[in-house]
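Asks: When you get a sec, could you build the whole thing from the sequences and use the hints?
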Amino acid sequence: MTFALNVTLDGCYDHREGIADDELHDYFTQLMDAVGAMLWGRTTYEMMESYWPAVARDEKALRAMREWAQKLDAKPKYVVSASRHDFPWNNTFRIAGDLHEAVTQLKEKTPRGVLVGSPMLAAELERLGLIDEYRFVVHPVLAGHGPTLFQGLEHSRRLKLLSTKRLASGAMALHHRRVDAK
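As numbered in numbering that gives the first Met the number 0, residues 0 to 181 make up the sequence shown, in order.
Since the hints were derived computationally from the structure, they do not count as laboratory data. These numbers were taken from a predicted model, which means no experiment stands behind them. Do not take every clue at face value.
What follows is a set of in silico ranges between Cβ atoms, one per label pair, in the way DEER data are often shown [stated by the list, open to error]:
{"no.": "1", "residue 1": "D25", "residue 2": "E58", "range": "14 to 24 Å"}
{"no.": "2", "residue 1": "E123", "residue 2": "E58", "range": "14 to 24 Å"}
{"no.": "3", "residue 1": "R176", "residue 2": "A53", "range": "21 to 31 Å"}
{"no.": "4", "residue 1": "A167", "residue 2": "D85", "range": "19 to 29 Å"}
{"no.": "5", "residue 1": "S162", "residue 2": "D9", "range": "22 to 32 Å"}
{"no.": "6", "residue 1": "A101", "residue 2": "E153", "range": "39 to 49 Å"}
{"no.": "7", "residue 1": "S155", "residue 2": "M46", "range": "23 to 33 Å"}
{"no.": "8", "residue 1": "E153", "residue 2": "M46", "range": "39 to 49 Å"}
{"no.": "9", "residue 1": "D21", "residue 2": "N90", "range": "23 to 33 Å"}
The C-beta atom is built at its ideal place from N, Cα and C for all residues, glycine as well.
Replies: Now the structure itself:
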């Protein structure tokens, strides 16, 4: 299971603060292509659902955005939600019940891996020891506000840097693995 997200130098994950160019969309499209499913919390799902299906159908959308949107539309999407039960977006399924058990089963039935894109859900999955890898794109921006990642983490986690990639915007794509991950 891989947690992937855009973040500023000061740790803000507000999606409006990143540099959303073609190269960034291509990077995340490649990450998504490599896995078998997406996993989100309800809030992130609703944000994605309100925007990307329309982009997938928009013939005038920028190439990189439309490609991301079309592939996202086709990709299995799992949503952790206690309150919402209806998910009309193509290939969307609800995760309910015990989070550790449900996500462990999802990992087992998805051999190509699962990409998590929800910060609050990722924090809980991290507490449960379910995240194996991290893919952060760190943007050369100081947002000066939150929200920030992993608020309230009980103790620090050691990560091993696997790779870096510098994007033309100055953002750095970082790939880490938990030291104790297999």
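Asks: Are the hints correct? Go through all of them and say.
Replies: These are the hints, each one checked on the structure:
no., hint, verdict
1, D25 - E58: 14 to 24 Å, "holds (19 Å)"
2, E123 - E58: 14 to 24 Å, "violated (39 Å)"
3, R176 - A53: 21 to 31 Å, "violated (35 Å)"
4, A167 - D85: 19 to 29 Å, "violated (41 Å)"
5, S162 - D9: 22 to 32 Å, "holds (23 Å)"
6, A101 - E153: 39 to 49 Å, "violated (22 Å)"
7, S155 - M46: 23 to 33 Å, "holds (29 Å)"
8, E153 - M46: 39 to 49 Å, "violated (27 Å)"
9, D21 - N90: 23 to 33 Å, "holds (25 Å)"
Going through the hint list in order, the structure does not satisfy hints 2, 3, 4, 6, 8.
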